[in-house]
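Just so we're aligned, residue 220 is where the sequence shown starts under the numbering used here, counting upward by one.
Please keep in mind that the hints were generated in silico from the structure rather than gathered at the bench. Do not rely on the hints blindly, as some may be mistaken.
[As the list claims (entries may be wrong)] For each label pair, taking beta carbons as the anchor points, the in silico distance ranges come out as: (1) 314 <-> 396: 46 to 52 Å; (2) 517 <-> 383: 30 to 36 Å; (3) 532 <-> 358: 51 to 57 Å; (4) 320 <-> 385: 32 to 38 Å; (5) 482 <-> 523: 32 to 38 Å.
Where a beta carbon is used, it is the ideal one built from N, C-alpha and C, also for glycine.
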Amino acid sequence: MEEPVSKKRKVMALCLLALLGADAARAWAQEAEKGKDDKEKKLGWTNSTDFSLVVTTGNSTAQTLGLVDRLRYAWPDARFSFDASGVHTNKSDDRYFLVEPGQEFAVGAQPSSSSTTLIKPEPTTDVATFLVSSRYDKNITPQVFWNAGLSWDHNKDAGIRSRYVAFAGIGNTWADNKRRHFATTYGLSYTDRTEEKPDPEKEPRFAGARLDWDYTEHLGKSTTLDSDFITNIDLADTADFSINTTNGVTVSMNGHLSLKVSLQWLFENQPALETDLDVVAFVELVNPDGIPSSGDERFRTLATGGTKLVLGKADARKDKLNTIFRTSLVITF
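Let the sequences and hints guide you as you build the complete structure.
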């Protein structure tokens with residue numbers, strides 16, 4: 220009786236091992252196929268265009284329309300990108316300094332107090348920003364790549380008439396699959412900029428260090444989170460640096476249309492100069508004895524209204540941070 224039972228147990232054990240082996244082989248095959256799918260890339264040309272409503276604060280306050288276009292070409296081991304964006308915005312009028320209200324001073328004289336407040340008037344329609352950039356990435360290994368590129372931007376409200384940045388560097392790809400992409404790049408740059416007003420404290424051309432990252436996370440089939448960050452630092456004056464970072468959420472409606480919400484920060488640690496701002500006083504005439512032309516007439520400054528007097532000129536720096544909030548309709552093809 221022992222032998223048949225022993226044989227029966229052996230047969231059951233062999234069957235169990237076969238089932239477990241088949242299940243393990245099937246799981247391994249599924250993981251391998253998943254890994255293969257994760258590594259598959261869409262090669263060739265792709266393009267997406269954002270039509271957006273833009274709300275900006277900082278050196279200009281505006282509600283307007285914007286356009287962003289992203290053109291890509293992918294090879295098995297290399298990538299090319301071209302980005303262009305423009306914002307048609309309401310531009311603020313020239314800022315001015317307002318003399319503290321409540322002061323009195325003789326006609327033809329100056330106020331005794333130099334206390335002033337910087338005033339930012341309501342905006343009028345104008346073009347605010349343009350940005351064009353291109354970049355080429357080439358894999359050295361699946362996790363390491365080199366890149367080179369060029370960018371140009373113009374932001375009149377921030378005092379930047381023209382800024383060219385050429386760069387090259389080495390990067391790491393930390394994740395690259397259907398769910399997540401994350402890569403960082405670090406390299407050197409050369410900047411040539413022209414600002415609206417010459418700035419004796421800043422060099423118009425400098426060699427710099429550049430750091431950026433590119434992050435994308437897919438949440439399900441229809442929602443995508445993305446974040447990009449770029450900083451450029453003057454190696455000779457590390458206090459002179461800029462940051463451009465954008466974070467967004469995209470919800471896909473179908474294969475070609477999506478809705479996107481994004482927030483962009485443009486930061487200049489040493490913003491451009493704004494010179495020859497008017498020092499303004501709004502005044503009313505005070506006549507203590509009520510007798511015209513008796514010689515005791517004085518001006519009293521007001522917050523608004525009265526008579527506007529331009530008392531001189533003063534300089535200020537632009538705001539460090541400009542914020543751009545976009546709600547976009549994205550067309551992909």
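Do the hints match the structure? See the list:
1. 314 <-> 396: 46 to 52 Å: holds (49 Å)
2. 517 <-> 383: 30 to 36 Å: With Cβ atoms ~54 Å apart, the hint is violated.
3. 532 <-> 358: 51 to 57 Å: holds (56 Å)
4. 320 <-> 385: 32 to 38 Å: violated (51 Å)
5. 482 <-> 523: 32 to 38 Å: holds (33 Å)
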